[in-house]
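*Asks:* Each chain, written out:
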Amino acid sequence: MEIFSSLGDGFVIALTWQNLVLAILGCFLGTIMGALPGLGPSNGVAILIPLAFTLGLGPTPSMILLTSVYYGAMYGGRISSILLNIPGDEPAMMTCLDGYPMAQQGRAGEALSLSGVASFVGAFFATWGLIFLAPQLVKFALLFGPAEYFALFALAFATLGGVSSTNQAKSAFAAMLGLGLAVVGVDTQTGVPRLTFGEVHLYDGLDFLVAIVGLFALSEVFIFLEHRHGAADAEGKKIVIGRLTPSFSVLKACTPTMLRSSLLGFVAGVLPGAGASLGSFISYSMEKRLVDRKGTFGKGDPRGVAAPEAGNNAAAGGALVPMLALGVPGSGTTAVLLAVLLSLNITPGPLLFQNNPDVVWGLIAALFIANFILLAMNIPMVGLFTRVLMVPPRILMPVVAMVSFVGIYGISGSSFDLLVMIAFGVMGWVLRKLDVPLVPVILGTLLGNTMENNLRRAVTISNGDYGTLIDSPLSIGLWTVAIVGFVLPIFVGRVVKARMHARRDTEGSLSD
Amino acid sequence: MSDRIFGAVGLLLALFYAWATLQIEESFMSDAVGPKTFPLGIAAILGLSSIVIFLKPDDEPQWPPLARLAEIAAAVVVMILYAEFLPIAGFVIATAFAAAYLTWRLGSSPLQSVIIGVGTSLGIYVIFHLVLGLSLARGPLGF
Numbered sequence: 001m002e003i004f005s006s007l008g009d010g011f012v013i014a015l016t017w018q019n020l021v022l023a024i025l026g027c028f029l030g031t032i033m034g035a036l037p038g039l040g041p042s043n044g045v046a047i048l049i050p051l052a053f054t055l056g057l058g059p060t061p062s063m064i065l066l067t068s069v070y071y072g073a074m075y076g077g078r079i080s081s082i083l084l085n086i087p088g089d090e091p092a093m094m095t096c097l098d099g100y101p102m103a104q105q106g107r108a109g110e111a112l113s114l115s116g117v118a119s120f121v122g123a124f125f126a127t128w129g130l131i132f133l134a135p136q137l138v139k140f141a142l143l144f145g146p147a148e149y150f151a152l153f154a155l156a157f158a159t160l161g162g163v164s165s166t167n168q169a170k171s172a173f174a175a176m177l178g179l180g181l182a183v184v185g186v187d188t189q190t191g192v193p194r195l196t197f198g199e200v201h202l203y204d205g206l207d208f209l210v211a212i213v214g215l216f217a218l219s220e221v222f223i224f225l226e227h228r229h230g231a232a233d234a235e236g237k238k239i240v241i242g243r244l245t246p247s248f249s250v251l252k253a254c255t256p257t258m259l260r261s262s263l264l265g266f267v268a269g270v271l272p273g274a275g276a277s278l279g280s281f282i283s284y285s286m287e288k289r290l291v292d293r294k295g296t297f298g299k300g301d302p303r304g305v306a307a308p309e310a311g312n313n314a315a316a317g318g319a320l321v322p323m324l325a326l327g328v329p330g331s332g333t334t335a336v337l338l339a340v341l342l343s344l345n346i347t348p349g350p351l352l353f354q355n356n357p358d359v360v361w362g363l364i365a366a367l368f369i370a371n372f373i374l375l376a377m378n379i380p381m382v383g384l385f386t387r388v389l390m391v392p393p394r395i396l397m398p399v400v401a402m403v404s405f406v407g408i409y410g411i412s413g414s415s416f417d418l419l420v421m422i423a424f425g426v427m428g429w430v431l432r433k434l435d436v437p438l439v440p441v442i443l444g445t446l447l448g449n450t451m452e453n454n455l456r457r458a459v460t461i462s463n464g465d466y467g468t469l470i471d472s473p474l475s476i477g478l479w480t481v482a483i484v485g486f487v488l489p490i491f492v493g494r495v496v497k498a499r500m501h502a503r504r505d506t507e508g509s510l511s512d
Numbered sequence: 001m002s003d004r005i006f007g008a009v010g011l012l013l014a015l016f017y018a019w020a021t022l023q024i025e026e027s028f029m030s031d032a033v034g035p036k037t038f039p040l041g042i043a044a045i046l047g048l049s050s051i052v053i054f055l056k057p058d059d060e061p062q063w064p065p066l067a068r069l070a071e072i073a074a075a076v077v078v079m080i081l082y083a084e085f086l087p088i089a090g091f092v093i094a095t096a097f098a099a100a101y102l103t104w105r106l107g108s109s110p111l112q113s114v115i116i117g118v119g120t121s122l123g124i125y126v127i128f129h130l131v132l133g134l135s136l137a138r139g140p141l142g143f
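Same order as they appear, the protein sequences are chains A and B.
Position 241 of the first sequence, counting from 1, maps to 241 under UniProt numbering, and the rest follow consecutively.
Position 131 of the second sequence, counting from 1, maps to 131 under UniProt numbering, and the rest follow consecutively.
Among the clues, some could well be false.
[Stated by the list, open to error] Calculated pairs, EDC-like style, for lysine to aspartate or glutamate (alpha carbon to alpha carbon, straight line, at most 20 angstroms):
1. K252(A) <-> E226(A)
2. K36(B) <-> E2(A)
3. K433(A) <-> D58(B)
4. K433(A) <-> E226(A)
5. K56(B) <-> E71(B)
6. K36(B) <-> D204(A)
7. K56(B) <-> D435(A)
8. K139(A) <-> E226(A)
9. K36(B) <-> E25(B)
10. K433(A) <-> D31(B)
11. K433(A) <-> E71(B)
12. K433(A) <-> E26(B)
None of these hints come from the bench; they were simulated from the model.
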């Protein structure tokens, strides 16, 4: 089996001391960031990117650090859901439904350890899914020409708003805003400056890292300032953990739930625009419909904790599939990870598997390792992370803001970039108030240039004939899916979103 | 109402974007598509979605009261000042001030704010500069 020998090579890369230390560090920081309400996975990864660069890490170690943070944040989100009834990040929203009632019954420790196991199962199967599905997708993607890629990008933008946004016009607006920002700078094909207004700093284009850190991290600081929400959520609440091991019978009862939810979550993660929030949502809904015969869901049923956690962690792994194989991320955090790869001069997509197999397989091996580290961290050491919840945002948020500034200044050493970042922070705050999703903005700034280049390449090859864009059955198929994916949520999206957000708190409003 | 204003501003942005695109001077050698087509397409969809937002506004978001808005504006000003003074004052001093301001505004008492500000600044300096070797802005005092 070719896959297993590649995976073996991956383990050789991942099992160096440096990479192991990075994985442990990433898991630890990720769990903390996931647990703290207000700092989700995309925030967490975004503020650590500059660190990875300035440490001079190569592509593989950087990715190991940052994907460990990503997986860690997915694990960590459940902690505050269960203990405080406040989701640490959006995918953990569904975990509140049964996790908090369990905590109120004095079974917080059981809920935490069970959800830790469920997270492990979900992420473990999703990583296997990634191993088998990604190479197949790569074979398929090798059939793509420029016209197909252009259609694929259009598909990504059309479906990204999808279920997570109520208003498709606003997702379209966000995507165009991002693409529009990507155009700024010297045109790569003709060398003319575009939309720079004579500002020399803009000739290089806007650095998407600056945009990401501003939109995600700084806008969060503004949200906290707006609500003057400086006290820790855990303050004044007594947290009783209880026993830290789930009984064997509970685990056994939850096993089918975990397996089903993992599969469902993985599929939701692979699909563009769905992501981890949807993964946990549909896993929970399906389990409720399937096994909730006595009406115990929502009142502290262990299966109601296992299902969304297995689902969201599986979706987190699934979302890596399109990002690595096609270069088109399916969620906010994978978009941020894509930004990392692009900054390291590595273009994800089919060629990544041929040209940089060390990155791909090292990363996959690191995901397995991270998963075991996280299981170990999240069950015996969960008490440590519950203490982190006591850190009040009035201390935490200034640290987040300052680390963001340090990171961006560390990369470029220019005050101009800091000003751009502040502008993005304000923009992010306004857009979030207006319920405009931020992920399409990020994806637009990231993919804008590639998308345009594919368009121009396709049309140039066919001597200026725009008909080439819908010439092959493949591209017609992609455009069809794109249009359906854009139009369908207008009719069904409202219903799903309303149900998903029926219990949503004001915190953690960033999608994964 | 917010969405109507948003839609109107979006439309203006789209028009401005289209206008700015048309100002691009094309070079004598160009590919079949040219540097203007893609941005013009963006401007078109941007404008269309703005019109839809204008015509079908969502529910009114909860805007903070004026005092809170002023709070955010003040924080933005502090951050801009921070960005400008960072190369002049050096990392430790500038960061201590900015962090102290932010934690004060989030509800720490004045004395606590000073301690937290200095602590944050020194903490980041030690971890990022001394341990990790990241180059931070140097002030006149060498840090």
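*Asks:* Each of the hints needs a verdict: does it hold here or not?
*Replies:* Hint check results:
no.	hint	in the structure
1	K252(A) <-> E226(A)	violated (46 angstroms)
2	K36(B) <-> E2(A)	violated (46 angstroms)
3	K433(A) <-> D58(B)	holds (12 angstroms)
4	K433(A) <-> E226(A)	holds (11 angstroms)
5	K56(B) <-> E71(B)	violated (31 angstroms)
6	K36(B) <-> D204(A)	holds (18 angstroms)
7	K56(B) <-> D435(A)	holds (14 angstroms)
8	K139(A) <-> E226(A)	violated (49 angstroms)
9	K36(B) <-> E25(B)	holds (9 angstroms)
10	K433(A) <-> D31(B)	violated (41 angstroms)
11	K433(A) <-> E71(B)	holds (16 angstroms)
12	K433(A) <-> E26(B)	violated (39 angstroms)
When the structure is compared with the earlier hints, violations turn up for hints 1, 2, 5, 8, 10 and 12 and for no others.
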